[in-house]
Structures are given as C-alpha cells and as structure tokens.
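Novice: The chain contents come next:
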Amino acid sequence: MAFWRTAGWQTRAAVLVLLALALGAILVPALASTSPTGIGDALALRLLPPFSVDVSRHFHLLGTDAFGRDLFVRAMLAGRLSLTVGIAGSVLAGAAGIAIGAIGGWKGGVLDRIAMGTGDVLLAIPRLVILLVCAALWPPGATMVITILVLTGWMGVARLVRGEVRGLRARPFIESAQAMGASPARVLWKHVLPNALAPAIVAIALGVGSAVLLESGLSFLGLGIQPPAPSWGNMIADGRELIVLAPWIALAPGLALILTVLSCTLLGDALRDRLAGDELETMRARS
Amino acid sequence: MRSILRQLAVALALFWVVLTLTFVLIRAAPGDPASFLAPPTATAAELARLRASLNLDAPLLVQYGRWARDIFAGDLGTSFVARRPVTSVLGDAMPISLALGGISLLLTFVLGVAIGGVQGARRGTHLDSALTLVTTTVYAAPSFWLALLLIALFTYGAARLGLPLWLRLPAFGVRDPAGSRGFGELVRHAVLPVLTLTLIGAAGIARYARTSAVELLQLQWVRTAVAKGVPVRAVHAKHVLANALPTLLILFALALPGVLAGSVFVETVFGWPGLGRLMVSSIFARDYPVVVGATVVYAAIVILANLAADLALPLVDPRRRQ
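In order, the protein sequences belong to chains B and G. Numbering of the first sequence is given in the numbering used here, commencing with residue 47 and proceeding in unit increments. Numbering of the second sequence is given in the numbering used here, commencing with residue -6 and proceeding in unit increments.
These aren't lab readings, by the way, just hints derived from the structure by calculation. Bear in mind the structure is a predicted one, so any value in this text is a computation, not a measurement. Note that CB positions come from ideal geometry on N, CA and C, so glycine has one too. Treat each hint with caution, since some may be false.
[Said to hold, decoys possible] On the chain B side, residues computed to face chain G include the following (Cβ under 7 angstroms):
1. ALA182
2. PRO186
3. ILE282
4. ILE289
5. GLY300
6. LEU308
[Claimed, not checked] What the simulated footprint calls covered on chain G by chain B, stretch by stretch (three residues with Cβ under 8 angstroms from a Cβ of chain B suffice, anywhere in the stretch; the number is not a length):
7. 4 to 17
8. 272 to 282
9. 288 to 296
10. 300 to 309
This is chain B alone, in the form it adopts within the complex (with noise of 0.2 angstroms):
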C-alpha cells in the first residue's frame, strides 16, 4: 500500500494495466457470447474490420480474423497462455536463481564453482537461439517453454543473490546470528537471505517482460504454444500473412503484447528505484 501510494503515475497505470488485462484474461473469454477457437460462419463473419456488428448483432470490438473469430475474446485468451508462460516463467527462473545463488555464495566451494560456470557456459550462447534448439528437439507446448524459461533464465538472479549473500557474509549481525547458536540454515533463511532479495524481485519483475516477449517469437516461429490455442505470437503470426487485406488482426495482438511488457518495464524500473539497487548491475544480470 505504501507503494501505490508513493508512486509515480507512470507506475500506478503500468499496475493498473497488468491488473486489467490480467482480469480480462480471465473474465472475458469464460463470459464472451462467441467462441475463440470454435468456427462458425466463416463466409459471413471473417474479416470483419474494428468496431464492426456481425449478421447477428454480435459487437466486435478489434474485428474478426480469418475464421470469423472474434480478435478481442481471443486477444484475451492468449492472454491467459502468455501471462501464464511470462509469469511462471520469471517467477520459476528467479525462484532457482534465489536458492542457487544463495547456496553457493553461503557455501562456496566446488558446487559454487560448478554452478557459476553452468551460468558463464550459458550466458555465451544468445538466450533465443538455446530455446530454438530446444523448441525444436522436443514437442513444442506451454510447458515446455515455461521449462526452457526457466533452465536459461536464472544465472542472472544467482550472480546478484551470489554477490548480495557473499557481501552480507562477514556482516556483524551474521556474525551474532551464528554465535547465538543458530544453525546455519536458520541464519541463511532469516537473516541473510532477506537482505539479499531486493535486486533479485527487480530482476524478477524485468525478466516477466522479456519472458513473455520470447515465448511470443517461439510462438510467431511456429515453435511455442499451437494454434487452435492462441497466443499472443502465433496470432501475430497468423495477421502475417494478411497483412494487406486486414492489418488489424496483428495489430490487436501487438498492442497486447507491447502494453504487457511495457508495464513490467515500468512495474520493474519503479521497483529498482524503491529498493535502491544498481541499477547498471539488473539491467545486466537481466539480458
């Protein structure tokens, strides 16, 4: 609450606009009158261009695809897809980085030295061209890229926990924590990790954006979620193609899109700013 209330306007509308289009996600498509995915009239409905009224008085507000398909209603069912796959894909990624990083820069040792090095051998390779590879090898789905989400997404989080936990090492109240008897786990879990999450939440916060902007390019590809399911890439993708004769239907989606990660962007910024990290060293742990 604190938050909201000293916020910025740009950050309250970033809120306000990951919360509408997270509800719309979920309300629109379960009370919409036409289906998303099911195919009706083709012939009389497809094509139909933004704020057009169909033969039998349905509204559709971003128009119809090439199916007859209402854009908005299935706008916002990608929605659900990509939301889904960008949140659980941060959110997953930042969760292994936490415990990752703050293992091995409590414990140091081999297992450190292993890890740090998995995280250098992949931060060599770009971050799209590994999910390529593996969207190509095994059968292409949301879990599937929530997976690769996760298994390219967390060096940046475990190399800035790793340094936070290191520094808070050799701290005094460490220092007292231990000599009161508490257990290392204890002391890790109570006093060492809670200061050292700040830059982790904002990398978190960051990485939702850039998640749902890579799940949208495997999906455009071919290689993410499958039509009939929308996604916000695949039907961006399908607007390709129709480009000329009905540039709204990749429109819709775009703004979708581009709305969504400009609010985690924002959401992100807002938060770096709050909890004072540097600000070089996210944005750096983040591409």
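Chain B is fixed; fit chain G onto it per the hints.
Specialist: Relative to the frame of chain B, chain G by itself:
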C-alpha cells in the same frame, strides 16, 4: 600478458563446453533424423544403411570422439537437406547476416548512445521523460511485430498514404528478381530490416546509456570542471566521454546478443537468406548439423565479442592496468 593468455584460455574452454553442450542436446532429443530423410517406402535395412552413413549408429562416446576430431579439422558435418558441407551452407548465409547485423549494430550503438547521452545531460526535463517513454515503448515491442508494422506502412500502405516513390520500400528478399542488380537496389531492400533492428536495439542501449551518463555527470570532478569555468560542452566532449569509454565498450558487447536474436526474426519476416533464417528453416527440417553449426557460430560471436571487450578495457581505462 599472462592475464591476456588466461582470458584466451577461458574463452576457448567456454567455447569447447558450448560445443559439447550442443552435441549432447542434439543426441538427447527424441526422434530419428534418418526417418525424416528416408522416403516413406524405405525398408528397415535401408534406414539402417542411412543411419550408418550419417554416423548415427555408433555408441555415443565414439560419436563424440569422431565429432571432436572432425571439429578440429574444421568439419561441421554435412547438411541433411542441402547435402553439402555445413561449413559451406553457413558460409553462404554468413555474409548476409554479418552485413545486416554489423550495420544495425553500428547504428544501434550510435543512435542509442546519442539518445541516452542527451537524456543524461538534460535529466529531469520534458525531453528526458518523453524520450524515456519512447525508448521504453519501442524496447517493449517484439521485433517481428515492428517489422510487420513497418511493412504495413512503407510497402503496402505507402501508395495509400501518398508517400513519395523513394519511400515505397520493398518488404521481401535481398533484391528484386526482375529489377536492377545494382548496389542501390540492395540498399533499398536493406532499409526496413536495418531500421527494425536498429530501433529495437537503440531503445535498449539508450536505457543503459542514460543510466551511465547520469552516474558520470553527478561525479565531483564534473562539477569542479564546470565551476572553474570550463565550457560545459568541452566538459562533456572531453572529460565525460573519456570516462564513459569503458562503459561504452561494455554496452557494445551487451548490444550484440540483442541484435543477433533480433536478426533471427527480422531475417525470417523479410526473407533474408541469412544465418537466422537458416537456423529456423533447419529446425523445421530437422537438419541437425546445420542447427548445431549455426548455434556454434552464434556462441562464437558472443564469446569473441566479450573477449574483445575484456581485452580492450585496460586500453581505454588505465585503472584496469596492473
């Protein structure tokens, strides 16, 4: 000298691990490439012969040994689809990607640093917040969507919008099959792909550049220089820029993976026969040797760029010399 050798060794080791990783990934994947290549009427014996000729029937360790030996000989295998050495398939695609990526990277960097620098110098003004909004929005746009938007505007929408002839730009390929084969034609075809990559990349770099410009301008000696009467322009051009060089180098290395990833989509949308499009089409064709080859090239480019940045840092930053 010793640290340079050490960095070289680390880079080489990293590259070898990446190579091994691609080998393991491809072998761990389900599906038998031989069954994709053989005609549906092929008998089991024919399939076995094909597998043997593709070196897919040996134990994994033997395969790894042969593969490592071939890599040292500069042989990345034979493309299943093109039936040519992977190196020659990659060689055909590389110049196109290098030209597209190189020009875009350069423009990305110049434009991004200029925007970020102006924002840093005019911090807190309306110009600064307007530019922040623009860069954050463009940064949020997927490259393939931006590419489609530009195509809709400059290719199909150009006539309807009444744009002059020179602004009606082609959306596909490297040159017109029926048109002239001159350099001008190539440039016309390159405008939209380069513009897409540059806009997205520059938006990202501007965000970094603004941050470091703000950090630099707050330092004590900047205030001292201004206070003792050095013209502000001279302070920015000489002192601040010299101190920004290390950061700029890091930014350059950071911009590279973004441009590489963007080129996969841009080449696919604009139909440029470069490395990115080759990678995507090879994935769909299950042409594993080419997929591995392209991955290796991408990794090599990133590792080389990081190595170059590491080696160049002491040159521009005396504090890093030991």
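Novice: Which hint numbers doesn't this structure obey?
Specialist: 2, 10
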